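2 protein chains.
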Amino acid sequence: MAIDLEYSVVGKRVPRLDGLKKVTGRPIYTGDIELPGMLHAVLVRSPHPHARIVRVDKRRAERVPGVVAVVSGADILNTPGIDPWVGPVFKDQGILALDKARHIGDPVAAVVAESREAAEEARELVEVEYEPLPAVFDPVEACKPGAPLVHEVLRPSRAFADMAHVGETGGTNVCYHQKVRKGDVEAAFARADYIFEDTFTSPPAQHAPLEPHVTLAYIDDDDRITLWTATQSPSFVRVSTAGIFGVPLNRVRVIVPYLGAGYGSKLYAKLEPIAAYLAYVTRRPVRIMLSRSEEFHIITKHQVVARYKLGVTKHGDIVAVEAQNWWNTGAYAEIGPRVVHKSGYTSAGPYKFPNVKIDSYCVYTNNVPAGAFRGFGVPQVVWAYESMMDTAAHALGIDPLEFRLRHALDEGDEFATGTPMLSIGVKPALRKVAEAIDYTPPQPKRVPPGSGRVRGKAVACGVKAVLTPSISSAVVEMNADGSVTVLSSTVEMGQGSETALAQIAAEELGVPITKVRVHLPDTDVTPYDTITAGSRSTYHMGNAIRGAAKQIRDQLFAAAAEVLEANPEDLVLRDERVYVRGAEERGLTIPQVFAAKLGALGTTLVGEHVFKTIADPLDHETGQSKKSTEFWFSGATAAEVEVDTDTGQVQVLKFVAAADVGREVNPHHCEQQIAGATILTLGLTFFEWMNVEQGQVTNASFLEYQLPSLKDVPPQLESVSVTVPHPDGPFGAKGVGESGTLSVQPTIANAIYNACGVRIRDLPITPEKVLRALHERDREHGAEVEPPAVQQPPATENVGATDVPG
Amino acid sequence: MAIDLEYSVVGKRVPRLDGLKKVTGRPIYTGDIELPGMLHAVLVRSPHPHARIVRVDKRRAERVPGVVAVVSGADILNTPGIDPWVGPVFKDQGILALDKARHIGDPVAAVVAESREAAEEARELVEVEYEPLPAVFDPVEACKPGAPLVHEVLRPSRAFADMAHVGETGGTNVCYHQKVRKGDVEAAFARADYIFEDTFTSPPAQHAPLEPHVTLAYIDDDDRITLWTATQSPSFVRVSTAGIFGVPLNRVRVIVPYLGAGYGSKLYAKLEPIAAYLAYVTRRPVRIMLSRSEEFHIITKHQVVARYKLGVTKHGDIVAVEAQNWWNTGAYAEIGPRVVHKSGYTSAGPYKFPNVKIDSYCVYTNNVPAGAFRGFGVPQVVWAYESMMDTAAHALGIDPLEFRLRHALDEGDEFATGTPMLSIGVKPALRKVAEAIDYTPPQPKRVPPGSGRVRGKAVACGVKAVLTPSISSAVVEMNADGSVTVLSSTVEMGQGSETALAQIAAEELGVPITKVRVHLPDTDVTPYDTITAGSRSTYHMGNAIRGAAKQIRDQLFAAAAEVLEANPEDLVLRDERVYVRGAEERGLTIPQVFAAKLGALGTTLVGEHVFKTIADPLDHETGQSKKSTEFWFSGATAAEVEVDTDTGQVQVLKFVAAADVGREVNPHHCEQQIAGATILTLGLTFFEWMNVEQGQVTNASFLEYQLPSLKDVPPQLESVSVTVPHPDGPFGAKGVGESGTLSVQPTIANAIYNACGVRIRDLPITPEKVLRALHERDREHGAEVEPPAVQQPPATENVGATDVPG
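The listed protein sequences derive, respectively, from chains A and B. Be aware that the first sequence starts at 90, since it is given in this note's numbering, and climbs by one per residue. Be aware that the second sequence starts at 90, since it is given in this note's numbering, and climbs by one per residue.
Just so you know, the hints here were simulated from the structure itself, not pulled from any lab data. A quick note: this is a predicted structure, and the numbers were derived from the prediction, not measured. Beta carbons are placed, not taken as given, at the ideal position from N, Cα and C, and that holds for glycine. Do not take every clue at face value.
Said to hold, decoys possible - Okay, derived cross-link-like pairs now, DSS-like style, lysine-lysine, Cα gap no bigger than 30 Å in a straight line: (1) B:K111 to B:K800; (2) A:K800 to A:K858; (3) A:K686 to B:K111; (4) B:K639 to A:K686; (5) B:K800 to A:K639; (6) B:K701 to A:K686; (7) B:K639 to A:K639; (8) A:K268 to B:K686; (9) A:K715 to B:K686; (10) B:K686 to A:K716; (11) A:K701 to B:K268; (12) A:K686 to B:K715; (13) B:K534 to B:K743; (14) B:K686 to A:K639; (15) B:K716 to A:K686; (16) A:K701 to B:K639.
Said to hold, decoys possible - What the simulated footprint calls covered on chain B by chain A, stretch by stretch (three residues with Cβ under 8 Å from a Cβ of chain A suffice, anywhere in the stretch; the number is not a length): (17) 113 to 119; (18) 338 to 344; (19) 691 to 701; (20) 813 to 824.
Using the sequences and the accompanying hints, generate a full structural model.
This is the structure we're talking about:
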C-alpha cells in the first residue's frame, strides 16, 4: 500500500497512550473520587413489575444514624423549578418513579447518608405502599388490544430532530413504529417460486461493563451543578441536567474520567438526574454507584422477535422481503425508538432487494428498560436475515456464499431505503473471510443425534448505518514546543479513542504521537459531541480534530511562508518542521515558526472545528431517503464449528471476522476491536442472556450470568481489516467498534446447520437447543431430507407463541 | 456620551460576578485544597546574608516521625534530568540555594512531612554549615569596584526577547544597565539658566497580599506535573516547570483558582519549582505555603536611589534632564532588570524634554530579591521627577500645575524614547484633579516648626507604559442556549477581570452577562497569556476575547443570513437575537440560529483569537524606539494636606486621583481600582516600608509592618476616570490597575511643601522626617526664603550617603 508511506503516525501500530497507566492501575475512575463531606446514595427499588405508588413512609429510615435525606418521587414533584421527567426520546421516566413503578427494580426512593452502610441499612426501612397493576412482559402480547398500558400518555422529547414526527400519543404500548416500503411486496410474493418464512428471537442481555454505573454530583463554589460521571454522552448529560434544573448550559459541568467500558449502557441520563437532584437538595457531594445486581435493573439489550418472509424465484432471484420485528423496550422508551429506527431501516440487510416491506415496533413492557447495546440492534436483525439467506440458499441448492455475493450491494446501488451506497465493503469482507476459513460450498448433511462430532463451515455478513445526523466538535491547542492538546468530548472507554484521535492530530500537525495529549471530556472546556457510541468517533471526532488541526497548520504555514519566502501551498508540516515541498532543507522547526509568529516562549495556537453530518429527511411512511446515513459499516464473518451430536455442544474451531474500517488508523486497535466484538458476540451466541420470568431477572449476578472468558475464545480467531476508504473519512477511515458484532450469531447458526443440518432460531444456542433440534428433526423427518423451502405456506399469526426467552 | 448608548453591557455598573461568592466565603483558594496523601513542606532558610554552603546534615531531621524527605541544593544538583536554575531574566536562582546563600532567608533546604508540625519540628534539626562571606546591601555601594560579588557569573534566560542583548557576563553586581539618550544634555545644561539637582529615595516594601504564596504540586495519573498554585502567571509557570524537568509543555498543568491578591508578588516562578521538585521525588502531593514572616523573605518592592538633574531657562523652558537611578534588586535578578528597563525608559516622565540622559542600574545586593510591585517601578521614578518638577516651578515662580501643563506631552508628541504619543490623557487628568481639589496656585510659605497646623494643596502626574510586546489568547465557547464560556489564562486576583472580561464577551455576543462564565486559568485548556500584571488584561485579554467572540458572531451571522435572506454585514447580535439592522422583527433567537446551523440541542460554537502587541526594536545605547509601548497609562493626583508643625504629623484632607482608562468597561471597577491604588500608595507614602538592617528585615510581621487600614483613608477620596479612547482598545479601553499609584507620593510631598515649605526626599514621609526637615530648614536658613534653585552646582558623587532606608 504505497499510500501508507505518506503518513507518519496514521496507519501505524502505535501503543495505546492509556495502556501503561491502565495496566499499572494509575487512572482515576469516577468511583475513585471522594470529595470532602461526600454522601452516599442508594435506591429503593420496586418489587412489583407494575404498581401504583400509594405512599412512601420515610420515617423509620430517616432515624438511622448517618442518614441525611430520604427522597421519594413525590418530593421531587414538590421541588419548585425542577422538571422531574427525563428521557432522550420520550420524557417518560421520572428522576425517581413519580406515579407508578413500571418494572421490577424501578427506583421509587433514594436514601442519602454519610456512609453507604448507613444508606443501605435505611433503605430496608423505607416503607412503600404499592397498588399492584396488571403487567405485560412479552412485546408481541403488549401490542395486542387490551394489553395493560405501561404508559398512559407518551411525551416526545426534543432531543432528536429525526424523531420529531413522533407526536404525543397514548392508548398503546407501541411507542414507535418504523416502516420501510419499497416496491410492491404483495405482487412480488405472488410471482415468487418460493417463499421462506421464519421467526428468530434474541433474548435480553446485559452490557456488563467492568465499571458499574456511578455518578458523583456536587454544587460547586459558583453554585453550579457538577457531575463526575461514568457516561458515554457528556454533552447529552449536560443538556439533560440543565433542562431538569432550568439553568443555562454553562451552569452545569460534566466531567468524564476514563470509562470502565460502556457498550451502550452508559448513554443518555442514567444516575445523573438523581445524583444531581440529591446534591441539589442536600448541598453536599453525593455519590451513587450501582451494585452488580442493580446493573441488571438499569438497562438491557433489546429482546427481539423478528419474523421474516423471503420471496425467491427458482433461479435464485430474491424478489421480496417482508419483516415484522417486535422490540421489547421495557418500562421506559430510553433510546429504544432510535434503536428500532436505526435497525429498522437496515433490516433488509446489504442486499439488492427490489421489494421490501418492514415494520419495526418499539414496544413498552414491564421489563427493565432496553437501550443501546454494541451493534445498536443491528445484530438482532442480522441474526434473522442471515439465517434466512442461508435457508433460502440451501433450499435452492446455491452456495450460500455465492448467493450472498450475487445479491450483495455494490458501490452506487441503492439501499432498501433509497440511499445510494458509498464506500461499501460487504463483498470484499465476505471474500476475505471465506478465503481465511478455507471455505468450500457446504454439502447438505443430516446427521442423526448421537453420531459423534461433525464439522461445518459457514459465512454471514451484515451492514450497519452510522448515526446520522450527528456532530463532533474539537478544539486543538498547539504549544510553542510542538506539544499538542486536543479538547474533545469523546469518551475513552477502552476502545482506544484517545490513541486514535491523537494519531490523527499528530499526523495532521507533523509531531510524534508522544507529544499529543487528548483531554478527557469536561463540558466546561471540551466542545459538543453527540455521543461516544455507534463506532462514530474515529470518523466524526477524527474529522473535527483534523479540521481544527488544519487551522493551526494554516497559521504555521502563513508565518513560515513569510520567513521562508515561499507559498503556503508549497509547505509541508512533518517531523516537527515546516519545509518547502521538495526542498526539505528550506525549513523551520515548529518552535522556530512560533518564535517568528509570536516571539515569546510557551505560546499557544488554537484551532477549532465543528464536523456535522446530515441526513436527508426521510419519508416516515416509506423510510425512503436520499441519504439516510453518512456511511455504512460492513462486516462479514466465517466460522468452522464442531458439533457434538451426543451432547449438543458446539465448539468454534476457527473464527474469522472482517470489518470494512475504511482505513486502519491503528491496525492493532482494529484487530482488537474486531476480535473483542467477536468474543463478546460469541458469548451472546452461546450462553449469555438475561433470564427474565414475569419481569423478574433471575440471574442478576456474575455467578449466574455467564460472560465469555479466555477459555471461550476460539483456538483460532482472526481479525481482518477491509479498507474501502471513505472519501470524507479522516485519511479514509470509517470506524470499527461494532462491525465485528454484526454477523457472528448467524455465522455460528449457519455453520451448525452445515455441520449437522439443524437450524437454531432462538438465541442463545445452548447445547440443549442443539440436541433438542437434532432429536426433533430426527423424530419428525427420520432420514428424509428436511424440506427447506415451503411453497406459499399459510401466514401464521401465532408469533407470540415463539420460544421467546423471559 | 451618546456612544455609550450603543452598548448593552460595556460601560455599565455590573455587579462583580465573584462578589457574592467571595463575601459568603465559598471560593476555594489554593490553600484550601487537600489531596489524599498530601505532604507539607517547609523551607530551611539562611541566617546569613552571604555565605557559602559547606554542608547540610539532614540526619537528625530525617529521624523526626512523619518526615518523608529532607532535600538540599546538593540533592537537586544530583537529580538527573533536572535543570536546577530558574529565573525570568537571568537563570541565577537555584530551586534551593545551590552554592551560596545570598540573602537572609534564602532557602537552603526543604523538609517534607506528613504534617506541617512535623516538618517544622524537623526544620529546626537540619544542620547547615556555612562559610560566611562579605556582603553588600546598598545598591550604590554595590556598584563600586571591589564590592563583594553576589553572583560571579550572570546567565541570561531566554524568556524575554527584548532583554536578549543582556549577554553572559560577570565581575559586577550591575546585572542590567538601561540607557535613555536623546539630544545633547551636556550642551543643554551649559545653556541652562538654572540647574536643579536632587536625590530621592524609596525604601523596599512588602506586597502583603491577603493570601500568602502557596503551591500544591502532584504527579497526576498520567505522570504529569500538576500545580495548583497562587500565581499571576500560569503560562510562565508552565514554561518554567517544563524547562526544569525537560518535558513538553503539555506534560505540565498549572491551575490557578481565585487569587487572594498579588500586586506583582506572585509573578514568575516562586514556590512552584521547589513544590514540583518535592512532588517529583516523593511521588506524593506536596503543599508548600509561606508564613506571614516568610512572605517578607520571598520578594519585595525595589528600593531605589534616584538622582535627578534638571536644566531650565529663566523663561521656564526645560532644556535637559539627566538621571541616575540605582535599583536594589537584591540577591536574585528575578524580574528586576525588566522593572529597571520599563521604569528606566519612562524616567523622563510625560514631558517634552528636548535633551535626556538617563542611566538606570539594576544592582544585585545581599537583600531579599525585589521584583514587580504594583506600578512596576514607575512610582519610584515619578516620586523623583514630580518632586523635581515642583521644585523647579517654585524656584521659577511658576504655578506647578501650569508648569506641568506647559511641558506635558500632547497627542503625537514624541516621548523621550522617540515613540509618538497615542491616546495620551495626562493633561485632561491633571485638569480634572485640579478642578476637583479646587486648586489654586500655591504661595511660597515658610512656616517655622511649632506653628500649629497649616494646609497645602498640590498636584502631580505620571505616565507608565504597558508591557510590550505581550500576548493574550482566548477561546470562547457559545452554547446553543446562548450561554458562553470564556477560556482565558487571566488570573482573577481581586481586580475584577472576571467581570470585565465577561462584560466584553457579553457585549460582543449580545447576551446578558449572567450567561457568561469565565473559566479560571488551567494551562491544559486556557491558552497562553503573558501575565496578569501591569494593568494589561482589559486591553490584551479583552481584545483576545473580543476577537474570539467575533469568530462566533461571524458563524451565527452566516447561518442566520441564510434563513433571514439577508447579508451577514447587515445583521446585529443583541439581546440574544440576530436581526437585520433597522428591521428588528426580522430576526432569530440565538437558539434558533443554532438550530438552523447545527440542529441538535446543546451544541457549541467555538472562536479563538491570539492578540499580540509588538514593540519596535530599541537601540540599547540610546533607548530610542519608534514604538516602545502599545499604549500609555496616564494618571494625575491632587491632594490637600494639613501639616501639624508641632508634631510633623500630616493629614490628607482630600485626595483626588484620576486615571485615563480609555473607556470604563465597568465604571464601578474603575473607581475601585483607582481608589485602591491610591490607598495602597498612601500607605507606602506615610508609614509602610521594610526596615532592613544589614540585610535583616526587622519588621517582618503585621504587628510591626504597618498597612493602611480604614482609618488611613482620607476623609475625602475621589476617583476620576478620564476616557481618552484607544483606537485599538476593546471599546476604547486601556487599563486601570496601576494608574492610581503613579503620582500619589510626590503629590503628598508637594502638598507638604506648599503647606510649610519643606521638601521630603526620602520615603516614607514620617512625622519625624517632616519635623526634622522643619527644624533643619529653620536652623540652616532662619527666616530667609530657601534658595530653591542652584546654579551649576558641582556634581557630587557621594550619593551613597543619601538617607537610604535599610
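> Taken at face value, is the distance from the CA of K716 of chain A to the CA of K686 of chain B at most 30 Å?
Replying inline: Holds: K686 of chain B and K716 of chain A sit about 18 Å apart, inside 30 Å.
>> Tell me if the straight-line CA distance from K534 of chain B to K743 of chain B falls inside 30 Å.
In response: holds, 20 Å
> Given the proposed pairing of K800 of chain B with K639 of chain A, does the C-alpha separation stay at or below 30 Å?
Replying inline: The given pair, whose Cα atoms are some 59 Å apart, is violated under the 30 Å limit.
>> Would the hint linking K701 of chain A and K268 of chain B be met if the CA-CA limit is 30 Å?
In response: violated, 58 Å
>> Between the alpha carbons of K639 of chain B and K639 of chain A, is the straight-line distance 30 Å or under?
In response: holds, 20 Å
> Does the alpha-carbon distance linking K716 of chain B and K686 of chain A stay inside the 30 Å limit?
Replying inline: Holds, at roughly 18 Å.
> Taken at face value, is the distance from the CA of K111 of chain B to the CA of K686 of chain A at most 30 Å?
Replying inline: Roughly 39 Å between the alpha carbons, so the hint for K686 of chain A and K111 of chain B is violated.
> Is K639 of chain B close enough to K686 of chain A, meaning Cα to Cα at most 30 Å?
Replying inline: Between K639 of chain B and K686 of chain A the Cα gap is close to 22 Å, so the pair holds against 30 Å.
> Would the pair K701 of chain A and K639 of chain B pass a check requiring their Cα atoms to be no farther apart than 30 Å?
Replying inline: Holds, at about 21 Å.
> Do the alpha carbons of K686 of chain A and K715 of chain B lie within 30 Å of each other, as the hint requires?
Replying inline: With a Cα-Cα distance of about 20 Å, the restraint between K686 of chain A and K715 of chain B holds, given a limit of 30 Å.
>> Checking one constraint from the list: CA of K701 of chain B to CA of K686 of chain A, max 30 Å. Satisfied?
In response: holds, 10 Å
> If you draw a straight line from the CA of K111 of chain B to the CA of K800 of chain B, is it 30 Å or shorter?
Replying inline: Holds. K111 of chain B to K800 of chain B sits at ~24 Å (cutoff 30 Å).
The structure shown violates the earlier hints numbered 3, 5, 11, 20.
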